[in-house]
Each structure stands twice: as structure tokens, then as C-alpha cells.
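Those sequence lines, one after another, are chains X and G.
Taking this note's numbering, I'd label the letters of the first sequence as residues 1 to 417.
Taking this note's numbering, I'd label the letters of the second sequence as residues 1 to 1557.
A few of these clues could be false.
Cβ-to-Cβ under 7 Å is the rule here; a few derived chain G residues that face chain X [said to hold, decoys possible]:
hint	residue
1	A60
2	D61
3	G64
4	D65
5	F66
6	Q365
7	G407
8	Q412
9	F415
10	D491
Hint data in this document are derived by calculation from the structure and do not stem from the laboratory.
Bear in mind that the values here come from a model prediction, so they are computed numbers and not experimental data.
Every residue gets a Cβ at the ideal spot worked out from N, C-alpha and C, and that includes glycine.
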Amino acid sequence: MSMIKKALLCSGQGAQYVGMGRDLCATEKVAEETFQEASDALGVDMSKLCFESTNAELARTENTQPAILTYTLALYRVMTRREGLEADLVAGHSLGEISALTVAGALEFPDAVRIARRRGQLMQQAVPEGRGLMLAVQTRDHAEVARLCADIAEELHEVISVSNYNSHTQVVVAGQRSAVMRLHETMESRGIRSVILNVSVPFHCALMEPVAEALREELGRVRVSEPRIPVLSNVTGRPYESAADVADLLTRQVVEPVRWVDDLKYLRMNGFMYAVELGPGDTLTKFMRHTYAEIWAFPYDREKGRTDLGRMIERTTYPFVSRALGVAAATRNTNFDAAEYESGVVKPYHQLRKLSVAIDRESRGATPDEARQALDLLLTILRTKGVHPDERRLRVEELLRDTRMADSFAPLDLDGL
Amino acid sequence: MTAANRDLDALLSDVDTGDFDLLEADSGADDAAVAVIGMAARVGETTSPAEFWAAVSGGADLIGDFPEARRADADALKVAAVGEPLGAALPYGYLGRVDLFDPERFAISPGEAALMDPHQRLFLTVAMQAVEDSGYGGDALRGSRTGVYVASGASQGLYLTGYRPSDPASAGMAVSGDVNSVIASRISHFLDLRGPALVVDTACSSSLAAVITACRDIRDGVVDTAVAGGVRLTLIPPEETAHRFGIEAPSGRTRAFSDGAEGTGGGEGVVSLVLKSLRAALDDGDHVYGVIRGSAMNQDGASAGITAPNAGAQADVIRDAWRDAGVEPTSVSYVEAHGTATVLGDPVEITGLTEAFATYTDRRQFCAVGSVKTNVGHLDPAAGITGLLKVLLMLEHRELPPSLHFGTPNPQIDFAESPVYLGDRRQDWTGPSPLRAGVSSFGISGTNCHVIVDEAPARAGADTGEPRDEILALSARTPAELDAVARDLRDHLAGHPEIGLADVCLTIDTGRSAFEHRACLIAADRAELLELLDAHLSGDPRGEVVRGSARVVADATGLGEGYIDAGTFDRLSKQAAELCEEAARAGTAKRDDLLSLAELFTAGARVPWHRLFEGRDVRRVPLPAYQGSPRRIWRPAATVAPAAPARWLHPLVHRHAVEGRDLDVFESDLSAGNCFELGEHVINGRHVLVGTAIIEMAHTVSSRLLGRRPLLRNLHYRDPLVTEGGETRRLQCVVTRDGDALTLEFRSRAEGSPVWTEHCRVDASPLAGEPDAGETVDVADLLARYELVGESVSYHRELVQTEGRRWRSSRALHLGDDGEVLLRYDADPETAAAKSAYALFPPILDSGVNLGLIREEEPYLPLAFERAEFHRDLPDAGYCWAVPADRSAWDRGDIRTYHVTFTDLDGRVAGTFTRYSAGRVRDPGTFLTDGPPPRLHEITWLPAPESAEPTPLVADTVVLAGTLDEHPLVVRLSSQGATVQSLAEVSRDENYCREWADGIARNGVRRIVHFVCADDPDLADGPSAAPGDALRPVFALVRALALRSLPEVVEYALVTRNGQRVRADDVPDPAARAVAAAALCLDAEYANIRIRVVDVDEESASDDVAAVVLGERRRPIVAIRHGAVHEPAVTRLGAVTPGAPSVFADLDGVVVVTGGTGGMGLALAAHLTEVAPGARVALVNRRHDDRDQFSDLSSELSAALVGLADRRGRVSLWRADVTDGPVLERALDEIRRTLGPIVGVVHAAGIPGDGFAINKTWEEFERVLAPKAIGARLLDRATRTDPLRFFALCSSMTSVFGAPGQSDYAAANGYLDAYAARMRAQGRPALAVNWTGWRDSGMARRHGITGTGHFAEFVGDTDGCELLGEALAAPSAQLLAGAFFHAEVRRQWEALDRVIDMRSVLDESPEAAEPPAPAAPAASSPLKTDAVAFSSLNLRGRGGAQLNDTVRSVAVAWCTTLGTDELDMHDPFFESGGNSLLASRLQLELDRRFPGVVNIADIFIYPTVAQLSEYVDVKSGPPRAPAPVSRQRPAAAEPSLSELLDGFLAGTVSIDEVVDS
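Could you build all of it, start to finish, from the sequences and the hints given here?
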């Protein structure tokens, strides 16, 4: 974990647009390669689908899902290279959860693209065209909507339930057409805004049950690794505990509501400062603003999002020497030999402080020499204090990350600390 | 071993050797240690300790924006408190909601709950959860020695700011709902706790001080259990702009010990802990969260400043705490710091810690330090206990959570040399057992607290006994809640596999309240219990699940299932007790017995569950507390929430309320909150609708009606629309249509007020010409010629304040020659977005129309315009161009007129104003302020509401006819049996009067109709008759009656003719008016004579008069004109047009002032000679009378004249008696001869009245009457040929309102009031001014009357003169001078409004909404409306019985009293939230419905709706049929009961005795 926690948010379906990724591929080789990888995995020209097809073609669920996943991964790779940003957690909305698992290394990208396509196909086939409907309701009273769904379901003997808890101000309901229309009328009569969504399939409800088993089979065929960084599940609102959960949770996700608000609450309750939205559009950025305006979100698909993110990274980068001093002040001492402490902690601590003051006074960054010197002083302090090697390593890694100085110490042998 | 006895210092003397084998207390219970056995909390947005821990351990920053859900409430409170809407709130650790509460769960009525400060409601809720968490809910603590110790940041009356209770019960509840100390006692009251209940206040350290106090009381054996807590809410959030204490962090983040520290952020929280001695807790099998081993409190003493911290004192308090706890300092591995992140505070705190540790050890950086303030900010009074809660959770989870916002240390802190390191990462907490921490909390008051906390002792092995069947007893108030209880428990158990079955059953069965809806589950192990909970939830029938519900009522007959009576309850409970007894004896309970218990419990029995657990190794475990059904409870609404904007036609025009052929009405409900044109536009602290908003509304409305853009013509502004606080005004635009010609009138009124204020009128017609007429202004040319002087218009900011960016569109101001001005404006994108809903966006229009005033130094406000024509909407960016009109007139006068043109950036014209004019504000400092509310009022006569039929005439009426005995009415009354007597006969002299009165008393006469014979045929030419002729018989007869002891109240109706000026063309008779004025006073003097005056004119038909004379009395003076009854009302004088010339300003000639040597005369002399260089003043007074007074006055006069200095030559003193015609005329002749023409008269002569009529003679009466009345007549006659500019008659408010003991004085002034009107009718410039009194001088002062307690203003010398000048400029014959004190008017409302309609006066004040007392005389019986009201109630317990009207009415009264809409027929009042205050309110409600049937004691005796209804029916029912008397009491008991009752009411019998019987 870093001092400044940041998350990646992977988009779900809905904001795709023809042309997404075109500019990115034109300027970034890694993006072009990503699209090529996807094309190879599916045997479909992904670039053509994303850049040259029609909106209707792209909006076909079996196309949308792999396309968004591809663009999300392309953005992730570009962002990592350009910004050097290492996230502390990743979450994805609905389909985006597959992207998130891919970003975290739990799924291989070609597998992920295939799963996404299969998921899209299954969903498309699960419900005949026109039978299902989704309705977005603008309200803070989520429980009331859930209650109304239950009442309508009981009265009409039809499927209707909350499919997405998207933000503090929006829930989405999915189900059979007449039941959803009934809810729509109820909302209208109460003066609550609700909008029928332009989707051909009612996601995340019991009507998706036929999808679940087939998807589980599909997932059983791919290799799943332990994620490098925590990935949040839409079903539980908590991080995946292990790779073994992936198949189960991804399967449940298609019939259970997307608890995106719980994902966001997890970020809030764990002190996340900002998030980067990967994928087309800025839907998740808006959900964040309407749920926890305190957590910044930057849509990387947008020029402004990229500029603001750059500024945020700039603003939240610690100066190396003074942060090293902070680490020195925040580690426990188990060495009660006064003389050793004096020479191995107090003296270097004061030197470190002096160095920090001097650099601060000149309002500049540390020179490579000064940084090296500061790191030496810090290591002396940690060693003298008797800080466990594991913690020492963690501390130094974190220091380098928070100060974005990893490159300056490229040959550093962390194991030898 | 008690730690307190140790000599720690001695033990520690060898500290340097590192020998620490001292003073560790044995890990078991020592007597001093206090266990924390229960906890509940809501901190920031977290709603439970578990959530709070997840946040703290996750490193959550709980600081955030003020929750939207609370904004409207906070806004309304702020408006009520300071009259301003809420601005941008600082980021804080806010609670999500503070309005949710379940009143019934605490036996509080919703009405009372709404009046409880949220601090009380939330603490009560959280404290109860803590108690349940400890396993001691239900009746477990009832009657126990449990103390409550709370720290609270009271809202200091804020919650109820501006709330006006409507009755005594509400007032009482509002007091207890607001008192800070009640926060502690609410829970004591509800749970019947007998220990002390204290609120502790040591500022920021309060809650830790509360915990320490609780621990000490436990140690000292004062209490066995303690509930400690802290509450901190910010009902109105702090705002970004507010200047606070100086330690407030602008980002809201508390960066404790960090380089980036910028002060303390804040937060909200409610925390409660349950404490008990550790030994007792272990003995009782309680769950122990942690152990408070010791504590200390001290004071900074004489530190640098009272708010400055003191490191030495902090070190002391920490050492004292160690000593008290008997712990080794190096065993402390974590300190929860106060950590306020202030420049001074943080380094001092580390210094204090260093100093404390240094006494015992030289170890460094071995102890972690952190502060929960970095997560949630400073919770002020609740801060310390929040830190303690965090530490308890840390001990439970054995984890060190991160302290946030620490990158680099505060440079003032040398961590390497300190004993502490900053814990900035989440880490496992390892160390020797027990883990130990300190918690610091330091008050800004200087009181420091420190507490030492250990982790809980390890529990011995769990119950190893045989698994056995256990019974779980759940209950709730509704079936839905019961499901919730089961669900919460199931979910909790699923997440806590370590919790054993027996422990669950012990905790729930013995530690929760037993409510009406019940379920029992019998399980052999945990797994089965979980299964059964699922079965219960899914409704599966299982033998092990028994469900039922039972409510105990006095009589359950016919009520069906769910009700049992007390006898059944006792029987079932006895069986249950026996079964438990048996089980306890046997040491186990058979499954069958458990099933029987389940049946009994679900049938309503009280079961002594604890007996099932006796002698077993079972413990209480934390399990979910009962949630109840919290719902929104908030103070009675003061304002109406704005309707959904989406449904409005337009932001300013909300509804098309009436659509007619040639009449349309548009309505809007405007308040500062929903209308920025009002909310953001402030003049002298009041919200004033910007004038251009009316233009936009006129444009919108007429476009809509005409179907195209309008030409607006001849707009005139009258009074502005002003609101205060959250007041909402209903604005109407009334459009009358004649073809395409519209006339729009704008008016508004406060909610509930009948009085409309006129704002504006304007004509509209379709605009001719093409939309794109192509007209342009050569902007380039203007820009070239004009001089750029600045960026923006700052037009009279000192008078008009506008807030917000919408008003900041001006970009460049250019000044040309001849007063021409050009303004470039440009709306920013946000403003442009808002603007798109408007045609003529008022803020931009406003900067344009005021442009012509840009050079003026004094403020002006809009008056009128001739034409406004807009072919297009205002562009987002463009120019406004103002060109003066009538420039030559600008040098004179106070009006500025100019033309304004609006164009886009290319100069294309969007629209123009022709001859827009503004008037100078004459007194900007007080414009619209409370300072001077309206000081001049008129009396107008309004048609009275229809009244009841006349009562049939009976024989006990005496008609006194004067010269009118041929009057048709007299004839009619006589024919119906009234006795007609000759007035002249009975009132001939005192003896006759006395005899007559004897006759009235003896014959039981109930009504006297007295025809006042005041017609004075000479009046047309000039009065000759003595003004007292008509009055004398009234005085004499009333006096005679008053001296008799009348057996009954006598209605005394005076019929006067033409006494009142009801219509503009009425010419009133002064003598008749004098009678009426005197009657007002006489009516107030005698309780047994009810006097009223009915004024008639020649056209009044006798039937109409009879109806009023014989009908219900309304106000004491009424008038009949054209058959309609009219009542007088005090109304505000219409606004005086600006620039109206003062009458005094250009006086050239002599002003005669009678009573001239009174202080008022002198003041007038001084004033007139000052303001009018050509004025001379002749002061006229009597010399011979009042000799002493005069000598006194003459010295005063000399003094005053000295003060007049050079003007002295223009003031002269004349002696003449105004009641002596020839003398007066001679004096006036002399004045004309020597001083010049008389141009004004002020008749201020007069002597005060004195005493009740029974104590005075007619001669005394007349002596008061004469100088005013005769003086007026003679002065009038003597000045008819003078070129008078004014003739002022100084009258008094007494003639309008009456006053006991003032009949003569009121009569004299009433005479003047009418006389002035009479003179006006003859074309004379006369005015009667009704003064309250003159503060500095005048009669009131001389007689020691001051303004205190009076309802109207006593004017001072200077402002009195100015007010007189102002009054004389008005075209009225009678004006009430001096502002009304609204608070006092409200206080004396009944007395004042009884006499004259005062609603319009109250309407002037901000809280005008409604008159104070619901003056509903003889309102129709509520019984009729009850049937309707009843249909919205949810009445339970009716069984199959038919409900009669009585039950319905009683139920409605009940619900009205308790503020609820749900009730059970059989719930006792005092268990439904009723209390003694509410009982009296219920009695009143019932008395309105069943007069005289129910008294207060009955409510104690028949406490349920069922019983009360039956009682009412029995008592008021049809004559004693064999009606069943209440079933509970045999009929024979009735007499003794009613005797007891009488005794109770008489005070000889106590209520207990009554109830016990």
C-alpha cells in the first residue's frame, strides 16, 4: 500500500462508441498491440469493430463486451507506461470486473477477451428480444425501490429486481417488460425520475440464470492466477480473497445485482484518495461523484481526465528526503541500548532532518547524491532500531513508490536491505 | 491489592537499572479495574462500532461533504436562527442522518419526540443499543443502581430556534426537549435507572472526564453499572466563510503530528459504553471488551492562557494515571493522543509524553502514538470517548490501525528523542499480555484526562457441559420488526462461529425487552438454531418454532387473538414461573417443558428466563441490538418545502392558478430558499425580490397569454416583496384582459395571512414589429468615445447586497458625456445555464436598469418605467446602454429618469426601456429594516363575517328610547315584549338613576338597548350643544348599574347614529363617537355589564339592527351600513410617495399650538422653527388653572427657549382658555395682528382622565372632556378664514383601544377623532393623531407613564415632530401614530384584537404568519370533523365491535394530543408516550368535544381509548338507561369513585389513592 491510495475503475457496458481507441492506437504502440492481441484471440478484427463499425453493431452485447475489455486494457497499459502509476486496488463494473481481474493479472488477456465474448453471447441468447427491460431510477432511497420490486414481482408473478446499485442517487432495475413498466409508472406517479435503458438484455437478474452455468463452464477452462493487487467483487463489495473465488463470483455476478455502491464504500472506508477510470466515457467517474464526492476520479478516456490525473499525481508525490524522515519517525524501536540508539538513530535522524530542511529551504527536489545519502541514513536508522527485514523492505518500496524515485535507485538490491 | 495505595515512586527508584519487576497487577480482576461490557456508536458516517473499526483499520478518511439528506433541515434551522440560508459547509466527519428515531420504542409520543433535540434522541438510541450490547436490555437494569455520565455539545436551544409552542403542553415538552442535562436522564427515565445522571462539561475532554467519573463511582461503590457517553452533532454545519476559533482546519483534515498540520478538523459522533467493575463482570459472565485499569484528571492551572496547553500538567496527568492503574509505563505500547494538529498543541503533547516517560525510562520510540482525529476530526465533547472506543476495538482485534495524513513529522517534534513513534501503518499489535494503551484527552478548558486500558482477560474454557436443548425467545413490536430481529441475529451468528448456543439464548432471553409479537425457537445446537431462524424467516411451519402475539389489556373480551387481559397474563406468567422454577431445581429443562414455555411466552406470559441459566457456565455475548423502526422525526415544520421545480411553469411563475375568459391568476410560492432573485438579493439584512424579477414575470405571463412577446407599459412599483428568514410568500399576478390589452397586478401575502401587499402593476399588449428588426447601436463608436473606468458595476453595495456568481456578469464599464453609460456583460457558463430558463434574466437586467444611476452617490430604487419592449431574450453576453432623459430635472427632485438599451456583442438591439425611473431612498440606513416599522396606521372598516341568527327576544329587555321612540326598531322591540322606558325620565338625576338600576337588578333584566340621542341638528353649521349631552345619561346609568350588585350579566347595547366613519363619505357625529370611545372603557371596567356599541345610519333597516343588537356580541363596536355589519381594523397607511414635500418644510406664517406649554408644544416650537425658517410659533395656554404645574412648566419653558437661541424671537407665549370662545378669538386676533397669518393649528391641550366611572362625578368627567372637545370646536370656528395648511388635533390611542379608568379621556379624544373627519368633509385640512404618548415630554411623561409594557411606541420629541409632519402629509382624517411593538401586541393579542382587528399589524412583523392564539370563539364542534379525521387513523384493538362516534372522537383527540396516527384501543395513555402535561392537553381536547364530561383525573382512571369512550358515553349518554357501566368496575363502586374524584380535584385525596381504588 502507498501513503496515497489510488484505485483503478474499469468501465462496464454502455459508454462504448465507434472510434474508441483509434487515437490511442495511432500514438501508442502498446495500444495497437493490445487490439491485435484481442483480434488474434477472437479471430475478429477488433480494431475494425471499434473504429469502423456502426454504433448498432458495436452495441451488440457479444461485440460490446470484448470491445470494452480490449479498450480498457489498452488504456491501462498506456496509462501505466505514461504515468508510472501503480494502483493499490482495482474494481470493475459488471463486465468491467473481468477487465479488473485482467489488469490485476488474475486472468490472461486472451482468455479474458474470449470470456467476455462468450458472456455477451450467452446474455444475448438468454432472453428473447423485447421481453426484458432495464430501468434506471434516480433516487437515494434504494431500499424503497427494492421493496417496490418485491411487491410487483409478487403481484404480477414476474421477474423484477434491482440489478445495479450504481451510486447514491441511482439504482437500476431489471426484469420482464410489463413488471418494469409497472415500476416505471409508479415512479412517474411519485415524481421520481426513471429512464428506460436502451439495452436489449435485462442484466443481473434471475432471467440471466441460463447464462450462469454456461459461463461457469467457460471459466473452468481458463487458468486463473492470484491477483497482484486486490480486486473488488461486485457481488460481495469486498476484495477477492483468492484466485479460487474467481469462477464462482463471476458466475454469481450475472444473476445478482452489481453492488457498485458497496465497492465504492470499500474505497471510502479504506482511505482511497483517488481513482482512475479506464474504459470508454466517464460513467464511473459520475457514479463516484454522486456517491463519494470526496474521492477524486479521473476518466482516462478523456483529455481532461488525463490532465487532471497528471496534476493529482504531481500534487501527491512526496519529496524524497522529508518522506524518508517521516518513515524514520514512524517505525518502532526495539533496541534499548542507549549508546547504539544514539549513534544509529538519533544522529542519522538529525542529519536526515538537517538535509530535509536544507532542501526545503531551497524549494527543490533532492539531487541523486542527496537521495542516496538520505536512503543510507534511513537504512541505518531502521537497522539500528531492529526493524524486521520484511518491514524494512516494505518501507523502502513504499518510499520509492510514494516519491516516484524508483528509477533513481534502479539497481537497488531490495533483498539485500 | 489496590493500585491507589502503592508508592510507585519508591518502587521505581531503581528505574535506571532497568529493573522493572514491579507493580504489575495480577492479570485477574482487581477491585479497582473497570470492565467495558457494552458499546454502541455512530461516528462520522459509520453507524456501528464494527463499521467504525472497519473504517479506522482501513485508514478511512471520514471527512466529507455535508450530507445532502440533511441540508434542507440545516438550512431551515439556520434561517430560523440567524435569518440566513446555509452557505457552503466545511468538510467534516458528518453523521449521515440525524433525524431518524423510533419514538414508540421509548414510550415517547411522536409529538414530544419532534420537540427533543437530536442530541437527546440519538444518545437515547445509542445508549440503549450499548445496554443491549452488554446483554442487559429489557428489564435487566430496571431499578438498579446504574449511573449515566454523558458529555454533550448541547445545541443550546438551536434545534427549537424560532419554534413557538401552540399550547402549554408543547411548551413544556419543548423545554425538556431542549435542556442539556436531560440528555443523560432520558435513558435513566426509560430504563428506570436509579444512579445519578450527569452531563459533564470540561470542553474537549468532557467525555473522557465522564468515563473517569463513572469509573470512580463504580470503584467507590456508588453505582454498580454505568452508562458513559458522548454526543457531538452540528445541526448547522460550520461554513467555509465563518471565522471560527482559529484552530479550524480549512481542509477539514486533522494532520496530527505532521508537517502539513493546519489545525483541527471536526466531526460528529455519538458513543456510549457500559461499564461495570471487572470483578462483577467476570462473576456475572459478561462480555468484556477491555479493562479500564486506571485514570487521572488534572488541570493546567496557570498556563500561558486559559486555552493554551501545558506540557507539565499533561505529563502529570499521565503519570497519575499510571500510578492509579498500578502499571509499569514501559508496558504501555500505544497512546491514543489528543492530537489536534495545531501549531502549539502537537509539540506540547509529545513533550508532555516524553516528560512523563522520562521519569521512569530512557527507552525511545518504543510506544506507538496515533489519533482518531486524523480519521474523523475532533469530536469536541465526544472526542475522548471516541479515542477510547478506538483503543477498545484495537485491543479486541489486536491491531494497530494507521494514523492518517502523516508524511513528514512536524518540525517542532523530535521523534527520535521521544518515547513514541507515529503509527502510520496498519500493523498487528504484538507485545506482552495484556496489551496496554493510554488514552489522552485534553480540554480547551485546561482539564486534562488520561486513561489506561488493558485488553480483556482471557476467558476460561467454554462450557464443556453436555449439549442440551435451549430456547431462544425473540420479540418485536411488529411482525416485520420481528423478522428483522431474526435476520440480524442469523446474519450475526453466521459471521461469528465462535458464539455458542447457550450464550445466545442467555443474552437474548434475559437481555431484551419482551414486545408484543413473539417467536420462540428450540434448538439443540448452533446449526439447528440457524436452521430454525431461516425457517422462521421463510415462514416454514416447524414444531420448534412457536409464534404468537399478545397485548395485555384491561379487558380482552371480544378482541380476539392477540389480546389478553390482566388476569390471563397473571395466570400464564404464574405457570411460566412454575415451569422455570422446576427447571432450575432440576438443573435442566426437558424439551416438552421448553415447548410449554414457548407456548406461554408467545401467548403473552412474562417468563423468568434467567432461572433456566442458573448455576451454568454461560456468558453474555455481543449480539445485534433491537433496531425498531426508526423514521424521520423533526421539529414542527416552520416552512413549506419548495415544490418540485420541474413542475413549475417558470422559476418565478409557478402555477397558472386561474384561467378565465378575461381574468387569469398566476401564483408562485417564493422564499429565500427557492428563489435566488429573493434569496441572493438583500437590502438591510432582508431578502427583497429584485425589481427586475417582476419584469421577467410580467414578460413571461403576458407572453403566455398573448402568444407572442409583449410590450410592457406604465409599470409602477409599489411596496417591494420582502421576506425574512425562511418565510414563504405567495405571490399572485392577477391579469385582467380586455381583448389584447392586459393589466397585470402583482401582490403577495405571507402564508396564512389574509393581508395582501401590492407590489406592482403594469399594462401589456402584443409587441408590434418583427422579431429581428435589425436595429443596432454603434457600440464601436461608443467604445471609442467613452472612457473605460473599471471592470464592473458596483452599484450601492452598502444598501443592496447580492450574493453569488449569477450577479457578477459585468465585465467593463464605460462612461460617456452627459451621463451616458455603457456596460459590457458576459455571463459565465454556469450563469448562462441558469439564464436559459429566463427571457430577461433578472440579475443582468438589474445591472442594466440601474446603469443610469452609476454616478449617483446616494442610493435609488426603481419606481416606474414607461415602456419596455424586447424583441429577443437577453443575450448571454452583450451591452447595456443608459442615456439620461429629462436631464434638466435631475438637479432638482429625487427622481432619475433614463432610457436603457440592451444589445448583443455586435450591437444588435435585444430590447429597450423607455423612461425608466428610480427614486432616491431617503433613509438608506433604515430602509426596510425593523428599525422603524410602519409608524402610521389608519382605521378602516371591514365587512364582518356572517354571524349566527338573532336570539329570540324575550321579555327581560329594557329599551331606553330618547327622542327616538317612534323609531321602527323601538316599535318592533316593544311589540315583542320589551319594556320601553324614556331615557330622559330615568336619567334625570342621580336618584332616578339609582332607582332605575334597582329596578333592573330586581326584575332580572338581561338586556338594555339604549338609543343614544346624539343627533345635533346644529352641527351642520357649528356645534352649539354641549358635547356631553349624549354622554351624560350613558355615564350616569352605567355608573348606577355598576354600583348595584346585579344578579346576572347585563348586556348593554348602545345604538349610536353616524358615530363612525365607515365609508369614505360618512360624516361622523363627534358626540356619538365620544359615547363609543367611553363605552370601550366602561366595558373594560365592569365584569357584569357587557357594553357594546352598534352604529347605524339612516338607511339601516330595523331588522338588520335588531339582529346585531340582539345577536351574539362580536367586537364591542360595530357599524351597520347598507345592512352589512362592519368591524374596525387597524391597517398600515399606504406608502408615502418618495419626495412628498413635508408640510412643515416651507411654512410661512404662524402656527398656533394649544396646550402650548406642555412639553409637546415646546418640542413642536423647537422643531418648526428649525425646519421652517418662515415659521413662527404661538404657544397658547391657560394661566389660571394648574398653577403649580404651570410654574413648573414655565421654568421648563425658559430652559427650552434658551435652547432655541436665535430662534427664540420666533416663539411666543399667549394666554387664553380654549374653552372660552371670546377670549380665544381675541387672542387669535392679536396673534394675527402681531405675528402674521395663522397657517397651522395644533390642538394639544388636554388634561388626563382619572379613575373608574363609579368613583367620579359627571362634573369631573366633563372637566376632562371640555378642553379637548369644546376647544376643538372653538378653534375650528375661530380659524375658518385663516389660510390654514393644517389643523392637527392631538388625540390618543385610548379612544381606539379603550382602557379601564379612562372613559372621560377616551370620550374627549373620540370626539376629536370624529371632529377631524367632520372638518375634512368640509374641506378643512384637519387630522386627528392618536398618540400613545410622548416619551421625552408630554402628558404621559408628566404623569409618570412610560412606554414599558405598552403595545405601541412612545415617540420622542424630535421623531414625534417629524412623525406629525409626515402624518399631516397623508390624506387621512385620523392616523394612529407610533409603531406597534409586535411582540407586545402578540402578548396582549386577546385584549387588543377583541376590540379592533389587529391582524394587519401583526402582518407587518416577520413572524406574522398567524395570530398568536387560535382565537376560535364558538368554533363549530370538532365532533363533526372528527369522523373525517378518524378515517386516516389506524386504530387497533377494535375487535369486532361497532365503533360509535364517541370512540372516533376520543381516538382523534388522543392522536391529536400524542401527535400520532396509530393507536390501540387498549394502550394506556401513559405507556403510549403520554405524560402529565399531555394529559392536560388531552383533557382540553376532550372538553372541546364533550364539554364538562371529562376532567383531568378521569384520564388517570380511564387511561385507554376504550375506557375513556365508554366513560364518556356513560356520563353524557342518554338518561340512565340500564347502560352497562365500565366492565372493570362494578356499578356499586361508582359513588365512592366519584367521591374520591371530587377529593382529588379538591386536593384532599392523592392521585395514588384514586388510582389504587
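Hints, one by one, checked against the model:
no.	hint	in the structure
1	A60	5 Å, holds
2	D61	5 Å, holds
3	G64	4 Å, holds
4	D65	6 Å, holds
5	F66	11 Å, violated
6	Q365	4 Å, holds
7	G407	5 Å, holds
8	Q412	11 Å, violated
9	F415	4 Å, holds
10	D491	14 Å, violated
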